[in-house]
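If you count the sequence shown from 1, position 64 lands on 64 in UniProt numbering, and the numbers rise without skipping.
Warning: the hint list may mix true and false statements.
DSS-like cross-link-like pairs, simulated, lysine-lysine; straight-line CA separation at most 25 Å [said to hold, decoys possible]:
no.: 1; residue 1: 98; residue 2: 65
no.: 2; residue 1: 65; residue 2: 127
no.: 3; residue 1: 44; residue 2: 107
no.: 4; residue 1: 65; residue 2: 38
no.: 5; residue 1: 130; residue 2: 45
no.: 6; residue 1: 20; residue 2: 44
no.: 7; residue 1: 18; residue 2: 28
no.: 8; residue 1: 64; residue 2: 10
no.: 9; residue 1: 90; residue 2: 28
no.: 10; residue 1: 94; residue 2: 65
no.: 11; residue 1: 130; residue 2: 20
no.: 12; residue 1: 42; residue 2: 28
no.: 13; residue 1: 82; residue 2: 38
no.: 14; residue 1: 94; residue 2: 42
no.: 15; residue 1: 42; residue 2: 98
no.: 16; residue 1: 91; residue 2: 28
no.: 17; residue 1: 10; residue 2: 20
no.: 18; residue 1: 94; residue 2: 18
no.: 19; residue 1: 127; residue 2: 98
no.: 20; residue 1: 130; residue 2: 38
no.: 21; residue 1: 45; residue 2: 20
no.: 22; residue 1: 65; residue 2: 10
no.: 23; residue 1: 65; residue 2: 130
no.: 24; residue 1: 94; residue 2: 44
no.: 25; residue 1: 64; residue 2: 28
no.: 26; residue 1: 10; residue 2: 82
no.: 27; residue 1: 130; residue 2: 18
no.: 28; residue 1: 65; residue 2: 42
no.: 29; residue 1: 45; residue 2: 107
no.: 30; residue 1: 28; residue 2: 45
no.: 31; residue 1: 130; residue 2: 107
no.: 32; residue 1: 20; residue 2: 64
no.: 33; residue 1: 28; residue 2: 44
no.: 34; residue 1: 91; residue 2: 20
no.: 35; residue 1: 98; residue 2: 45
Hints were generated in silico from the structure; no laboratory data involved.
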Amino acid sequence: MAEHNYQIIKRFGPSIFKIKIPSEIVDKLNIYVDSLIKDQEKSKKLNYGEHLVGDVTQEFLLEKKTITETGWLNFLSTCTQKWIEVETGKKLSKFTLKQSWIVRQFKNEYNPTHWHGGHISGAGFLKLPKNLGKHKQSKENREYRGGNLQLIHGSRMFLCHSTYNIIPEVGDFYF
Numbered sequence: 001m002a003e004h005n006y007q008i009i010k011r012f013g014p015s016i017f018k019i020k021i022p023s024e025i026v027d028k029l030n031i032y033v034d035s036l037i038k039d040q041e042k043s044k045k046l047n048y049g050e051h052l053v054g055d056v057t058q059e060f061l062l063e064k065k066t067i068t069e070t071g072w073l074n075f076l077s078t079c080t081q082k083w084i085e086v087e088t089g090k091k092l093s094k095f096t097l098k099q100s101w102i103v104r105q106f107k108n109e110y111n112p113t114h115w116h117g118g119h120i121s122g123a124g125f126l127k128l129p130k131n132l133g134k135h136k137q138s139k140e141n142r143e144y145r146g147g148n149l150q151l152i153h154g155s156r157m158f159l160c161h162s163t164y165n166i167i168p169e170v171g172d173f174y175f
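When you get a sec, could you build the whole thing from the sequences and use the hints?
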C-alpha cells in the first residue's frame, strides 16, 4: 500500500477512503467490459441490473475469475485492510468480497440514492464521458451535479453537512 497515495476524508459521520485504482487494473477491467459487450449471450447472463436499484441499461456482475485475474480483489482487500488499520489501529483478519459489478451508465440514466449490504461498499470510475459536467442548469444559482457521486449520512442540520458531492475522475475509488 506504500506505493499508493490514499486520502481519508472525514466530511461527516463515517470516514471515506479515497484512492486511485492502478491504471493496469482500470485497463484490464475496461478491456474485459469491452469484450463482454460484444458477447451478447454472456452479457445477458451477467446483466445484474434487475437486482440493482438504478435505471441503467447495463450493470454487469463480475465473475470471481475476473475479479481475481484483473487484480481487483487484491486491490480491494489491500485498501480495506489499510483503511481499517489507519482508522482503528487494528489489523484486519479476514476480507470477504460479497460481490462486485460494473455499471455502464448512459445519458438520461440514473442511479438514485440507495444502500448496500455488507460492512463496506464503494464506487469507482473506469471511464467517463468527455462532456461530463458541461451541462448548463436552468437555475444558474445551483450547481449541476448530474454524473457526480453523492455520499449521504445523517440528516440535514445547521452547520452540519449531510452530503458529500464528488466530481468523478477516471481511476478514483471511494469506500
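Now the hints, each set against the structure:
no.	hint	verdict
1	98 with 65	holds, 14 Å
2	65 with 127	holds, 22 Å
3	44 with 107	holds, 21 Å
4	65 with 38	holds, 19 Å
5	130 with 45	violated, 30 Å
6	20 with 44	violated, 30 Å
7	18 with 28	holds, 20 Å
8	64 with 10	violated, 32 Å
9	90 with 28	violated, 32 Å
10	94 with 65	holds, 20 Å
11	130 with 20	holds, 19 Å
12	42 with 28	holds, 18 Å
13	82 with 38	violated, 37 Å
14	94 with 42	violated, 32 Å
15	42 with 98	holds, 21 Å
16	91 with 28	violated, 29 Å
17	10 with 20	holds, 18 Å
18	94 with 18	holds, 21 Å
19	127 with 98	holds, 24 Å
20	130 with 38	holds, 23 Å
21	45 with 20	violated, 30 Å
22	65 with 10	violated, 34 Å
23	65 with 130	violated, 31 Å
24	94 with 44	violated, 33 Å
25	64 with 28	holds, 14 Å
26	10 with 82	holds, 16 Å
27	130 with 18	holds, 23 Å
28	65 with 42	holds, 14 Å
29	45 with 107	holds, 24 Å
30	28 with 45	holds, 20 Å
31	130 with 107	holds, 12 Å
32	20 with 64	holds, 22 Å
33	28 with 44	holds, 21 Å
34	91 with 20	holds, 22 Å
35	98 with 45	holds, 19 Å
Hint violations for this structure: numbers 5, 6, 8, 9, 13, 14, 16, 21, 22, 23 and 24, all remaining hints satisfied.
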